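S.K.: Full structure from sequences and hints, please.
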Amino acid sequence: MAGITHKDETLSRYAEDLAGEGPKGRSLTEDALRRLFTNKAALISLIVVALIVLIAFIGPYFVPWHYSTVDWTAIRKPPDFEKLHYLGTDQNGRDLLARLLQGTQMSLIVAAVATLVSVVIGIVYGAVAGYFGGRVDAVMMRFVDIMYALPYILFVIILVVIFGRSPVLLFVGIGAIEWLTMARIVRGQTLSLKEREFIEAARASGAKPFTIIMRHIVPNLAGPVVIYATLTIPEIIITESFLSYLGLGIQEPQTSLGTLISEGAQVIEVMPWLLVAPAIMLVLLLLCLSYIGDGLRDALDPKDR
Amino acid sequence: MLTYVLRRIISIVPVAFIAITACFFILRLAPGGPFDQERALPPAILRNLRAAYDLDQPLIVQYFLYIGRLLRFDLGPSMVVQDFTVSQLLTLGLPFTIMLGMSAFIIATLIGMLAGIIAAVQQNRWPDYVLVLVVMIGLIVPNFLMGSILQLLFGVYLKWLPAGGWRAGSMAHLVMPITVLAWPHAARISRLMRGSMIEVLGSNYVRTARAKGLGQRLVLARHAIKPALIPVVSYLGPGLSYLLTGSLIVEQIFGLPGIGRYFINAALSRDYGLVLGTVILYMAIILLLNLLVDLAYAWLDPKVRYR
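Protein chains in written order, with my numbering: chain A, 1 to 305; chain B, 1 to 307.
Worth flagging that the hints you see were computed from the coordinates, not collected in a lab. Accuracy of the hints is not assured; some may be wrong.
Using C-beta positions, here's what the derived DEER-type ranges look like [to be verified]:
#1 I225/B - L116/A: 36 to 44 Å
#2 D56/B - E252/A: 33 to 41 Å
#3 L6/B - R135/A: 19 to 27 Å
#4 F210/A - D56/B: 20 to 28 Å
#5 P209/A - L6/B: 32 to 40 Å
#6 L92/B - P209/A: 50 to 58 Å
#7 R135/A - A22/B: 19 to 27 Å
#8 D145/A - A296/B: 51 to 59 Å
#9 N124/B - P209/A: 48 to 56 Å
#10 I98/B - Y148/A: 47 to 55 Å
Over the 12 Å line for every Cβ pair with chain A, so calculated as not near, a few chain B residues [to be verified]:
#11 L6
#12 L46
#13 S103
#14 I107
#15 S148
#16 N204
#17 R210
#18 I264
According to the in silico footprint, chain A covers these stretches of chain B (three or more CB under 8 Å from chain A) [to be verified]:
#19 133-142
#20 227-235
#21 238-252
All values derive from a computational prediction rather than experimental measurement. A virtual CB, placed ideally from N, CA and C, is assigned to each residue, including glycine.
M.R.: Shown next, in the form of structure tokens:
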């Protein structure tokens with residue numbers, strides 16, 4: 001009888017532990033991830049964000065209304081379950097739930113793409129500055145210092161106003177300005193990485209600087225980059241909704257959380273539901289993202305706790 | 001110390017110069033111009049207008065003309081708000097923006113530091129938990145949303161405060177804008193202060209001070225607060241630039257007469273002079289305040305001076 005003594009289970013667990021703990025060892029990143037998953041707030045936030053993403057992208061297929069369809073029989077109506085307007089309708093008779101989902105989707109897309117842009121610029125810039133060092137490094141980092149000193153939101157506004165209001169420019173504009181901290185972090189990491197033996201080996205075998213940076217340095221930056229990107233996402237969501245709030249972001253009939261909040265804020269006295277739903281969604285998203293970010297940071301830097 | 005101050009002041013010049021140059025050319029690359037209207041102007045008038053503002057010159061000549069005027073502290077005429085120079089328009093709004101920004105800054109810094117110290121001393125007791133909650137709200141809720149919520153609550157439902165607008169000398173009109181502006185700033189400062197204060201309170205020299213019999217208040221005042229201020233002071237620079245750009249939106253929400261209000265309209269109507277002027281003014285303020293913060297930093301931490 002195999003099951004009586006639980007020997008098999010104990011043994012297989014031991015074998016698993018051995019395989020896990022064995023000579024391979026755990027990398028810093030694995031360690032950090034393990035700590036992250038024991039952090040309840042971060043774990044719950046992770047699940048909530050995953051749900052929000054899922055609902056924002058799949059939800060629209062289950063909502064009976066399209067985000068730009070006008071329901072002439074229900075204009076300016078509070079939530080009404082019989083007519084299937086679960087969150088009510090706006091001044092133009094469009095279903096708020098459909099618009100909320102589309103807006104969340106748009107905010108998430110902007111955040112993801114802008115983060116990607118800022119990460120790519122930051123990595124390349126930081127790695128090049130750190131790898132070449134010396135005068136190149138001094139000049140490049142001086143430029144970053146300069147950019148830091150500027151009122152960057154003014155530049156985003158100028159860029160968006162001037163080059164039109166397409167979502168693509170919004171991504172690039174926000175991303176092009178959020179890369180500064182990323183570049184600094186990557187440069188610091190590169191400075192220490194480039195003294196390591198494997199870089200020396202690559203150099204000795206005749207690899208060109210660009211190949212070394214792309215093949216050998218960038219892959220080793222994954223940990224800090226992921227963490228920093230997580231911290232950037234809420235900032236970008238705030239920036240995007242700020243621009244949309246000013247009327248410079250996503251344009252009708254498409255919408256984003258900022259646009260919805262700005263529209264809701266104008267009619268707050270008569271139709272409060274138009275503000276409440278997007279506000280809750282935005283705050284929930286930002287709250288969870290900031291818990292995940294904090295959790296990641298604590299996980300990577302345990303001495304802070 | 002004096003060489004440090006001088007070096008720091010000189011290093012501002014290229015920063016400002018590069019930023020102005022970049023901004024100038026980005027603006028001019030944009031399609032459209034300040035004289036585009038629904039009904040096109042007759043070509044002769046358009047030509048005269050462009051000549052009057054030097055827009056008919058090659059771009060590079062315009063650039064040097066602008067820099068030349070700038071060196072004489074002349075920001076040029078506004079191209080859309082006729083009969084006003086940029087300096088006149090900015091002078092109208094500047095006192096208000098500075099007043100709003102500085103009151104929010106001072107209030108937030110004081111409250112933030114005090115809250116941070118209290119939370120550190122009362123670590124893991126109820127004042128600490130209350131603070132964590134208040135800080136979280138300040139950091140999570142974006143200022144435009146906070147503004148709307150406060151307007152609804154105190155302006156519309158409770159009617160304690162005016163929901164917006166401005167009457168000279170009225171403190172009631174300033175309460176909500178300053179709250180919205182100061183909250184996130186105070187939240188970040190109290191967080192930093194709490195962290196560094198906890199670290200300092202656990203250090204050896206604080207233990208020594210306690211061991212020689214000093215009371216809690218003396219330990220804090222004489223030994224703990226000054227070193228704990230270092231990370232807070234280094235945040236004040238970026239914090240100020242957040243506050244100033246934040247005042248842009250707060251002025252927009254509450255309909256206040258500062259320079260932030262001009263900026264967006266100016267950019268939309270391609271008022272080159274006014275946009276550049278506003279950016280330069282913001283930048284000058286931020287660079288100047290950063291300088292002050294760096295000097296304060298050098299005073300607190302002697303290591304910085306000799307780098």
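S.K.: Are any of the numbered hints broken by this structure? If so, which, sorted upward?
M.R.: 4, 8, 10, 15, 18, 20
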